[in-house]
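Engineer: Please model the complete structure; the sequences and the hints are all you need to start from.
For reference, the chains in residue letters:
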Amino acid sequence: MSEPLLKVRDLKIGATVYPPGEKPHDIEIVHGVSFDLMPGKVLGLIGESGAGKSTIGLSSMAYGRGGVKITGGEVWVNGRDILKSKLGDIRKLRGGEVTYVSQSAAASFNPAKTIMEQVIEASVEQGKFSRRNAEARARALFAKLGLPDPDNIGSRYPHQVSGGQLQRCMTALALCPEPDLVVFDEPTTALDVTTQIDVLMAIKEAIRDTGVAALYITHDLAVVAQVSDDIMVLRNGDMVEYGSVDQIINRPQEEYTQALVSVRSIEHEEKSPTAEPVLSVRNITARYKGTKFDVLHNVNVDLYPGQTLAVVGESGSGKSTLARVITGLLPPREGEISFAGRTLTPDFKHRTREDLRELQMIYQMADVAMNPRQTVGTIIGRPLEFYFGLRGAEKKKRIIELLDEIELGEKFIDRYPAELSGGQKQRVCIARALAAKPKMIICDEVTSALDPLVADGILKLLLNLQKIENVAYLFITHDLATVRAISDNIAVMYKGKVQRYGGKTQVLSPPFDDYTDLLLSSVPEMRLGWLEEVIANRKMESAGN
Amino acid sequence: MKNIPVSALIGLFFTALYFLAAIFAPLLAPYGMAEVVGDVWEPSSAEFLLGTDNIGRDLLTRMIYGGRTTIFIATMATVISFTTGSILGIFAAVSGGWIDQCLSRFVDLIMSIPTLIFALVVLSVTPVTVPMLILVMGLLDSTRVYRLARAVAVDIEVMDFVEAARLRGERTAWIIFREILPNALSPLVAEMGLRFIFMVLFVSTLSFLGLGVQPPEADWGGIVKENKDGIVYGIPAALIPAFAIATLAISVNLVADWVLNRTTSLKGGRG
Numbered sequence: 001m002s003e004p005l006l007k008v009r010d011l012k013i014g015a016t017v018y019p020p021g022e023k024p025h026d027i028e029i030v031h032g033v034s035f036d037l038m039p040g041k042v043l044g045l046i047g048e049s050g051a052g053k054s055t056i057g058l059s060s061m062a063y064g065r066g067g068v069k070i071t072g073g074e075v076w077v078n079g080r081d082i083l084k085s086k087l088g089d090i091r092k093l094r095g096g097e098v099t100y101v102s103q104s105a106a107a108s109f110n111p112a113k114t115i116m117e118q119v120i121e122a123s124v125e126q127g128k129f130s131r132r133n134a135e136a137r138a139r140a141l142f143a144k145l146g147l148p149d150p151d152n153i154g155s156r157y158p159h160q161v162s163g164g165q166l167q168r169c170m171t172a173l174a175l176c177p178e179p180d181l182v183v184f185d186e187p188t189t190a191l192d193v194t195t196q197i198d199v200l201m202a203i204k205e206a207i208r209d210t211g212v213a214a215l216y217i218t219h220d221l222a223v224v225a226q227v228s229d230d231i232m233v234l235r236n237g238d239m240v241e242y243g244s245v246d247q248i249i250n251r252p253q254e255e256y257t258q259a260l261v262s263v264r265s266i267e268h269e270e271k272s273p274t275a276e277p278v279l280s281v282r283n284i285t286a287r288y289k290g291t292k293f294d295v296l297h298n299v300n301v302d303l304y305p306g307q308t309l310a311v312v313g314e315s316g317s318g319k320s321t322l323a324r325v326i327t328g329l330l331p332p333r334e335g336e337i338s339f340a341g342r343t344l345t346p347d348f349k350h351r352t353r354e355d356l357r358e359l360q361m362i363y364q365m366a367d368v369a370m371n372p373r374q375t376v377g378t379i380i381g382r383p384l385e386f387y388f389g390l391r392g393a394e395k396k397k398r399i400i401e402l403l404d405e406i407e408l409g410e411k412f413i414d415r416y417p418a419e420l421s422g423g424q425k426q427r428v429c430i431a432r433a434l435a436a437k438p439k440m441i442i443c444d445e446v447t448s449a450l451d452p453l454v455a456d457g458i459l460k461l462l463l464n465l466q467k468i469e470n471v472a473y474l475f476i477t478h479d480l481a482t483v484r485a486i487s488d489n490i491a492v493m494y495k496g497k498v499q500r501y502g503g504k505t506q507v508l509s510p511p512f513d514d515y516t517d518l519l520l521s522s523v524p525e526m527r528l529g530w531l532e533e534v535i536a537n538r539k540m541e542s543a544g545n
Numbered sequence: 001m002k003n004i005p006v007s008a009l010i011g012l013f014f015t016a017l018y019f020l021a022a023i024f025a026p027l028l029a030p031y032g033m034a035e036v037v038g039d040v041w042e043p044s045s046a047e048f049l050l051g052t053d054n055i056g057r058d059l060l061t062r063m064i065y066g067g068r069t070t071i072f073i074a075t076m077a078t079v080i081s082f083t084t085g086s087i088l089g090i091f092a093a094v095s096g097g098w099i100d101q102c103l104s105r106f107v108d109l110i111m112s113i114p115t116l117i118f119a120l121v122v123l124s125v126t127p128v129t130v131p132m133l134i135l136v137m138g139l140l141d142s143t144r145v146y147r148l149a150r151a152v153a154v155d156i157e158v159m160d161f162v163e164a165a166r167l168r169g170e171r172t173a174w175i176i177f178r179e180i181l182p183n184a185l186s187p188l189v190a191e192m193g194l195r196f197i198f199m200v201l202f203v204s205t206l207s208f209l210g211l212g213v214q215p216p217e218a219d220w221g222g223i224v225k226e227n228k229d230g231i232v233y234g235i236p237a238a239l240i241p242a243f244a245i246a247t248l249a250i251s252v253n254l255v256a257d258w259v260l261n262r263t264t265s266l267k268g269g270r271g
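Protein chains in written order, with my numbering: chain A, 1 to 545; chain B, 1 to 271.
Hints are computed from structural coordinates only; laboratory data are not their basis. These figures come from a predicted structure and were not determined experimentally. Every residue, glycine too, gets a C-beta built ideally from N, C-alpha and C. Please note that a few of the clues may not be correct.
Derived DEER-like restraints, expressed as beta-carbon distance ranges [unchecked claim]:
no.: 1; chain 1: A; residue 1: N110; chain 2: B; residue 2: P114; range: 33 to 43 Å
no.: 2; chain 1: B; residue 1: M111; chain 2: A; residue 2: P111; range: 28 to 38 Å
no.: 3; chain 1: A; residue 1: A418; chain 2: B; residue 2: M111; range: 32 to 42 Å
no.: 4; chain 1: B; residue 1: Q101; chain 2: A; residue 2: R282; range: 34 to 44 Å
no.: 5; chain 1: A; residue 1: R333; chain 2: B; residue 2: F177; range: 30 to 40 Å
no.: 6; chain 1: A; residue 1: F293; chain 2: B; residue 2: I110; range: 34 to 44 Å
no.: 7; chain 1: A; residue 1: F293; chain 2: B; residue 2: V79; range: 42 to 52 Å
no.: 8; chain 1: A; residue 1: P111; chain 2: B; residue 2: V79; range: 36 to 46 Å
no.: 9; chain 1: A; residue 1: E410; chain 2: B; residue 2: T129; range: 55 to 65 Å
no.: 10; chain 1: B; residue 1: F177; chain 2: A; residue 2: Q258; range: 46 to 56 Å
no.: 11; chain 1: B; residue 1: Q101; chain 2: A; residue 2: S130; range: 54 to 64 Å
no.: 12; chain 1: B; residue 1: D155; chain 2: A; residue 2: N110; range: 19 to 29 Å
no.: 13; chain 1: A; residue 1: K23; chain 2: B; residue 2: D155; range: 24 to 34 Å
no.: 14; chain 1: B; residue 1: L260; chain 2: A; residue 2: G88; range: 36 to 46 Å
Structural biologist: Below is the structure:
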């Protein structure tokens with residue numbers, strides 16, 4: 001048996017933390033992780049945020065990001081302990097033997113240089129290829145990665161190609177110097193589902209054809225199952241389970257891995273329309289100020305009391321614009337919205353306090369949706385004070401009730417948002433919306449910034465609250481698994497139009513139109529060979545190409 | 001309090017020294033403010049620690065009373081410039097549209113005229129009294145605070161929590177004072193130290209040019225003016241107030257730096 005390409009032994013990584021109100025101190029974020037990676041193999045590192053997966057990935061380049069220090073253990077690459085290497089040797093390693101593909105290609109490319117310059121930079125700098133050879137190699141990689149016009153795409157600037165294409169350029173950048181190991185750090189997380197599978201396929205083929213070894217870091221088990229040979233499950237800096245893809249997916253041993261595999265197991269029976277709709281959107285056409293382009297065309301949807309309407313689509317489909325029109329932030333050009341039997345004034349500034357109270361909103365990024373200088377008590381208490389005039393003990397009693405409803409409890413009342421985890425922040429936002437006793441809540445991608453298990457908890461909470469408070473949700477998301485879990489009705493949006501609309505079972509059963517089919521088939525499934533199957537069977541190119 | 005860096009301690013010590021001297025001036029000063037007690041430009045002695053000035057007044061006494069006037073005017077002007085500048089700046093950012101345009105263009109207009117010249121013109125047609133001086137300095141300087149406050153507020157204004165407050169139906173005053181101001185405070189506080197120093201320099205310059213504090217009232221700029229002719233004869237009386245201005249400027253800035261570092265790492269602080 002040959003020697004492993006990457007050998008990590010008892011790796012310990014530390015960082016300095018600055019908790020609010022306390023003295024900075026050092027903590028250990030990775031507690032002695034060991035693994036081997038054979039040449040040409042792909043190891044998936046999977047875990048929630050804070051699991052240490054990116055940190056471990058970067059340690060294979062002897063690098064610690066932003067104040068992170070490698071405090072112990074050994075990292076062997078090609079038979080050398082790189083943690084003991086001199087800086088000059090490490091410089092040869094980075095960008096030569098080991099390369100890196102980051103999550104956001106858009107933020108990682110230099111906007112002032114052409115793609116080609118950046119793709120060949122490391123190869124030329126390391127003296128691996130002459131400029132000419134490197135360019136030829138880059139063009140071959142562009143072609144292999146399925147980029148359009150591979151001979152000329154390199155002369156474009158990063159903003160002139162789409163997100164999915166740029167992510168593939170980044171893969172070309174990593175593969176160009178003929179490295180032995182590539183670290184992929186969530187390369188498809190920021191992409192739409194339909195684009196994700198193309199990029200995933202391109203990466204998979206490129207890895208196979210070049211015979212390079214890879215560390216593939218992601219939080220999505222279904223994605224990693226498509227490209228890896230082995231999977232390591234991490235949690236809070238410890239290894240939970242290590243095994244072949246087949247074993248992890250089909251026979252997970254540890255409880256935590258089982259939870260990850262069976263995530264989104266929420267069962268939700270579709271309810272049929274009752275009574276009058278609480279919200280009716282009629283013939284809405286809207287455009288942003290100063291543009292000559294309609295973002296929404298003739299949209300019609302209904303939402304029934306105590307039910308959930310899921311609005312699904314890719315980025316740019318107009319789903320968030322629909323939310324802005326309903327809340328009154330963007331008055332529509334045509335059409336009308338009726339809410340609880342009244343016609344809503346287009347601009348929120350002219351709406352009555354009653355209308356504002358009964359229509360609440362929960363945002364995607366919980367940390368910017370709360371004022372960092374207000375305590376949880378103030379954040380939840382303000383709507384109580386503002387809409388119902390509650391003061392003092394009465395207000396406090398209601399705040400505690402709400403905190404109990406969102407399963408946090410009284411001890412959170414004096415905390416600041418910075419002292420909460422992502423899931424807890426989103427819960428506080430839910431409580432703030434509920435405090436107004438609304439008839440309807442718009443949930444704009446409320447779970448997409450959260451880890452799968454945390455997101456699951458939020459969805460369960462939302463469903464429970466719906467039963468108790470009989471509130472209706474307009475649920476905006478790009479994630480079809482979420483839609484299956486919670487919706488009663490579904491509207492599929494594509495380029496500003498409602499492509500398909502109806503009850504959940506009806507929308508999710510064939511016959512499909514081409515776009516719904518593409519969207520449905522693009523959701524990663526947790527089984528081997530899914531990726532190849534989808535690519536072979538689909539009828540429509542994704543928009544990101 | 002153990003974690004105060006040495007530079008901030010030095011700054012705090014000198015700032016406190018100057019402010020205390022200003023507050024307790026009548027108790028500390030050995031002689032009366034405009035009292036002629038000796039010969040012209042006497043050197044320092046046990047009787048006159050810093051010597052005497054161009055008409056024989058005790059220079060230490062003049063310095064203490066002068067500090068009182070200078071620091072008082074600078075402080076009041078800073079307060080005025082801060083309240084008007086930051087409230088109008090945040091108001092412009094929150095309102096947007098034509099209100100923002102009008103205010104910003106008006107501020108541009110004022111800023112396009114050199115502040116000193118503007119102040120000289122205004123002060124030469126109005127009676128030069130201390131309240132007038134404070135008002136003119138404060139309003140002229142508020143244009144700079146306005147710029148900063150507006151820039152900071154525009155950043156905060158697009159955040160979801162401000163949108164949430166708007167959709168709740170909150171009034172503009174709530175949005176300015178409860179949502180935006182607390183988050184804009186740390187850059188503004190740091191700027192305040194700097195503005196205070198500019199005020200000290202500004203009032204000193206005006207007095208030096210004769211349009212600031214009027215004699216026999218003492219102030220640091222005025223003392224430089226009164227004693228400047230002595231420099232030719234090697235008499236350092238004019239350098240003492242200059243030295244005081246410089247040390248005050250440096251020490252206030254040291255404190256401002258420290259405040260900025262502290263407030264940004266406060267609970268939920270930005271930055």
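Engineer: Please write out, lowest number first, the hints stated earlier that are contradicted by the structure.
Structural biologist: none
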